Amino acid sequence: MFWLFCSSLLFAQHCKHHLVGQVRNTEDEPLPFSYMLIANTQEVLQADSLGQFHYHHLCNGQYSVHVSSVGYQTAVFELIMPQKDPILYVLKPDSTQNQLSVEVKASFRQTFPLASEQIKGYDIDKKSGQPLAEMLSGMNGVTALTTGATIQKPVIHGLHSSRVLILNYGVRHEAQQWGSEHAPEIDPSQAQKITVLKGASALRYGGDAIAGVVLVAPPPMPQNSRLGGFLSAGAASNGRMGTTILQLQKASARIKGLSWRIHGSAKRSGNLNTPKYFLGNTGLSEKNISFALNKAGKKHQTEVFYSLFNTQIGILSSAHIGNLTDLKEAINRLQPLDTAQFSYKINNPRQDVTHHFLKLSNRANLKKGQLETVYAFQLNQRQEYDKHRPRGSSPASFARPSVDLELFTHLWEAVFIPKISQKYKNWYLQTGLQSWLQYNFAMGRQSIVPDYWQYNHAAFVSTRYVYDNWEVEAGLRWDMRRVRTFQSKNDSSFSYNLFYQKPIGNLVVKRSLQQLGYIALSYSRAWRPPTMNELFSDGVHHGSAAYEKGDVNLKVEQAHNMSLDCALQKGKLSLNVSCFWNNIQNFVYLKPTFPAVLTIRGAFPAFAHTQTNAIMRGVDAEIGIEHNEWHYRIQGAYLKVTEQSTGNYLVGIMPNQLSHQMTYTKEREGKKLCMLSGSIKQTLVAAQNLVPPNSDYAAPPAAFMLLEADLGCFFWVGHQEFKLNLSVQNMLNTTYRNYMNRLRYYADETGRNICLRLKVPF
Amino acid sequence: MLKLKSIIPVALLAVVISFGSCKKDEHNHGSDQENLTTLKLIFKNKASGVEQTFVYADKDGVGGNNPTQDPIILADGANYDLTLQVLDESGTTAKDITPEIITKGEEHQFFFTNSSIGTLVNVKYEDKDAKNNPIGVKNTLTSIRAGKGKFRVSLRHEPNKSAAGVKDGQIANAGGETDIEADFDISVL
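Residue numbers (the working numbering), protein chains in the order written: chain A, 292 to 1053; chain B, 264 to 452.
The set of hints was computed from the structure by calculation and includes no laboratory data.
Here are the simulated DSBU-like cross-link-like pairs (lysine-lysine), alpha carbons at most 30 Å apart as the crow flies: (1) A:Lys619 - B:Lys303; (2) A:Lys619 - B:Lys430; (3) A:Lys383 - A:Lys547; (4) B:Lys394 - B:Lys358; (5) A:Lys411 - A:Lys383; (6) B:Lys411 - A:Lys619; (7) A:Lys619 - B:Lys322; (8) B:Lys394 - A:Lys636; (9) B:Lys413 - A:Lys619; (10) B:Lys322 - A:Lys882; (11) B:Lys367 - A:Lys619; (12) A:Lys840 - B:Lys358; (13) A:Lys619 - B:Lys387; (14) A:Lys578 - A:Lys411; (15) B:Lys322 - A:Lys840; (16) A:Lys383 - A:Lys484; (17) A:Lys882 - A:Lys840.
From a predicted model like this one, the values you see are computed outputs, not experimental measurements.
Okay, chain B solo, but in the shape it has when bound (with noise of 0.2 Å):
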């Protein structure tokens, strides 16, 4: 009898906070982060204006399924303007956030790398930030020899644009995160 007498006061306590801290109810998962989800290329040709685009998806986000790519076919000695869009199609809407990026230029660049780059073609940035730095949406892309190489384009957020050779292209010093990097097999024919 004792016994149950000691435990009464803890218990009664017990009940009421437990019952007490049980109103929690602002209960949300609410995501509204973008996934990035798919990076088009669109080449259009200067010279006969004919468009080509080739894509890299990842619809179902990581893990999943593998991701999706395009082999880029170009011909040899064009010029292109290269326009990069990025998509979020993780929903049931597709939602483009290449505005995003070009309204918040200065935390954003995209890279060209690999070992096309310098060999098959050459890049060059057609657009600039706030601060008149690169972002790298809008480029113009020149097929100088004919060759299979890889292509891959990078998405850095929050890069030094200021460190050595950013502006032109190089990302050894660029720092920042990654957003984006999509591996690419080119052919210039």
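Just chain A, same shape as in the assembly (with noise of 0.2 Å):
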């Protein structure tokens, strides 16, 4: 503190001495585009293709430089100012490869993370195969909405779909998300990061993200232009599922700067199994390609991304039904009437869904600082199969679709980062325009959503200011969109024409505690035009036995949300706690309505898209205790979300869930002995006991307990390293439903799941 505040009034004086250097490794090869964190300031440097820095703006006195590279330790020197010589940094080689010091990228390109949650290298391994949600659900206060075992999206603080933004690559992923049963179309195996940002505060991204934002990273470019990436394959139990990846990458020896990456995987599993049976039709069969191709240069870098995602998922044939009468048998049975064996085979009901995504993107460090111009193209195919072929005589449809859409999104952003005089240094900026373009066909049977048109454009700007101990972030962003829907129904079309435009903002204020850690309060605004389903839904969606009614009139939803964040650390303890309040007007639910609706086909119950204020609140905490290679940490989740007016209970809230975990890690030492790690989980899920009386057609499941458990071992034969994972997951083969499946009505849960998984890093 002292110290600091020493250092503080020297910038006054004797700032004007040059640092100039050069950064290598142990073989004193250079290491292009390193990254500098000066300690004290929180400025980034960024080395050239040749590894040298220079930076002309330092004070007299002392500073602590953590230096970082791609595949390499990061390393702390200290540095004494004024310094006559040119530095050299030398980092070593990092064996657990691509560790990119994380902290020195965000705090470069990003605001200060708050309430914010990562999963990153051996953590994304050990789940390797699984879906996206599910990989992130060990998160605090995150969790997932499924619809069975294989369709997941992930869910932040209780809320979820169009509330949840995902980031594929830094572009918002723009796919079918009408329906609960629509699981993000991402590939988390070429991941080496997954961030949850909880709550609005992340404006940059968009202003819609009421629940947070999900980032689905890659591992930063390779540097060696040796051939590089990864084999990986894995082997379940349930399911009896096989998963390959391979990871070919390379740096060009001849063009400086290029590099390219090749990401494909493929994923295969049959009839998943509960303690008691085989689910019916619950295959899946996954196929990914992605290809990065990317120039640095000294001024520019570009990139180009294209990657495919392909499923065909088999939805649990017994929980298609007609009517409210079919449903009714459905929860009375124990188990499902379709007795199931063990097959890969995937029939209808099923859903196959293509998703395209192509980026191309370049950052340009200019004088005035920094400009990155991204477009992204994203095309999304969904087609869903109903159990039975349609009544049509002809042949030929049999073959088709029930619900049959091609959505196409076209987005276009341009993000400064403007360089601070010295002046201002302990200001930041940042700011941007986003446009995208979106049109949607519809082409199946049934029509969840029309055709339609859409544009939207947002701007923001988002300032940083530190000052000692304290941080003050603030941010502005608008956003609009227009959209015209074409329909037709009985004969006759019709078109809307809705428009929507709203400026958000956010303030938080950081006060930092030196080591012991920080405390931040936030508050946020946010809001979602209404989605096309909750505009235009009308009918019945096949198997899911309910009449579903949209509004046009709905309004926009809009958040406020305040968050108290803290994350401290002293000695072996380390506690992290973050308390948030949301209230969303015009919060749009699905809220039953009497009577059912009749129809030829019988009784269907029937729900219409309303809107209410809604009050959220909630804690998501966290305590850590190590202790040498031990490592035990508890976390809890409390959610409490109530109807404004009345305070009654909302429906589909996820319920409070306990876990605690203890973890052995020893490191290895040199490359002869194996490093093993281990931990042991139990989860307790409380029962859902929050509900509005008879909001549902069966009472939300029982509370349960779940444990997993995992062993690792990184071992190396010859110069090869294999990293092994061996992991168990429902170890007791516990029979229960969760309140969070929408299958729950129909069958019980996946049983014991026991997973191999071999990597080899080459």
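Build the complex: two chains, separate frames, hints provided.
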């Protein structure tokens, strides 16, 4: 504290010293584009393509510099200015591969991450083969909303779907997210790090992220001209699943700064089983491929990225039902009527989804700052097949899906981070423009959403001011959306023009407690225009036995979000607490309406997309204790959601949960010894009792307890490294049903699953 | 100036791709799915030969107006031929779906349930599919006692006809998916 105070005095006097130097590895090769964080001032420098750097505004005094480069261990160097000779920073290779210092990058690229959780490296490998939402669901305050075991979407603080923004490679993922049974079309195996930003404070990404943002970030591009990458294979007992992942990457030896990466993965699984029976038609087939090409020059860094995601998912056949009578019968049965054996075959009902994603981006280091421009194209094709073939008489129609949607999205973005002159060195500024154009074609026999065109434009500016131990962040963002729809019903066509626009803002005050951690208070606004299904759905979605009615007059949803976050660490003890209060005006939800809708197919429970003002409040807390190789942590999430006017509870909110985990990690010594890591985790999920009476077909399922464990070992055979991991989910083979699973009416959750994975980096 | 230069390549590529990908035109809403809108129960008194027809109809589909149903009125102690007819009346011309149900008889079965069955009337299947299981388009109905009750006609798509009791008209183990579930009021006078 005292020292920092002194150094800030010094700034005023001799702050014209030059620092010149180079970053090299232990073999004396220069490390291009390394990052240097000057901890005292939080300034970040980047070395050029020869690993050289220069900086001209240092004062007299002592600095600590964190130096990091891809594939090397981050090191902290003490620096005393003035310094006459060039400095040489030497980094040692990092055997755990690709551990780019995340902190450095984060503070450079983004505003400080409040209430965020992260999963990276080995933790991603450990869950390889699982869907994105499942990977995230170990985080505090994050769960998964599932339809069976294979379709999952992330839930943050009880909110999901269009309220959770997913950024894949820095671009907002645009897909048909109309129902809870639509999972995000992203292959998490290509991510190096997945971050969840809770709350609405991430203005840069979108004004509609009422619940939060999920950032799926790729590993940094390779710097080494040797062909590298990894091969990974996995097998799981439940569903007899097999996965393979191959990644190849290389930097060009001839052209400086040019590098490429290819990533492919394939996954196949058959019918899953609960502790007592097989779940009919729950197989899955997934294929992904992606390609990245990067050219990093002194001034420009240009990237082309393309990925293709394709999946075929079988839907539990006994969950495909006709009407209310069928549903009641299904609930009263202890297990599904269709008894199944193991099979890899995927029959109807099923989903067939393809997602194309192309991104072109350029980052320019200009005299006045850094400019990042992005163009991205996404095509999302979704086909859903019903259990029964359509009644049409033409044989050709048998092969046609009942839901057939194609969504095209073009996105443009420009973000500018100006260089701040010495006079305003405590300031950080980021500003940007975003536009996306979207059109949707609905071609199936059933259309959940109409054909439409949609234009979106947004502008934002975000500033941060650092003074002593205080940091203040404030931002403003403006979004607009124009929609034109085209529909036809009973031989007449009609169309709607809709327009929404709103400014929002946020304010965050953070107090650093030095080595002890920080405490921060934030307030943010967010808003979300109603989605297409909330506006236009009108009919029975086959297989879900519910009549849904949209409302074209729905107003925009607006959120006021307050949160208090603190992260503290002292000795072996750490504490992370996030308290939040979220008031959502015009919160859109599905409200049961009475009486049930009567049709020739019988009675259907009716739901209308309705708005109310909702208040959500909750706490996520985590306590950790570290002792030598042992790490124990206990985490809990509490959430309560009520309607503001009546105080009634709302449906579909995640139940409270508590988990604790003991981890043992023995670091390897030299190349000979194996690195061992093992953990055991117990999770307790409460019954969701905070539901309105008579709001559900069946009472919420009972509380349950799950046990999981994993054992990992990194070992060497000659010069080749192997990473082996064995994990067991639902160790006790517990029979349970989960409130957050839409298929809970029909069948139990899956039973014990033993997975073995081998990763061979090269 | 520099700023502008750095955007140009990305912007140009963007424009090329945006236009390149716009040539989507095989847009087709073709809905050749039949909507079942109408169920007709045709009762023919075996003794007198008199025909009575009672209709359950929901011509505008789900939502909109509620379906209409005629109350069934039968004479006590009589034998009827009960024939079912299913129609699609959602378009301008009505389409008879019954022949298709008979052709794909193995995938379909009608069931007669609710309070009147066994108390006011008895229904017996009089037709067979290719595997010698009932379909339920042609039946005989006998009225056994005067009174009022409910008469439900269900059509199951892809039922399990070999499950216990299904051949005899018990719906409990039939499974499949409900295509029709029409509730009538019935009076036996």
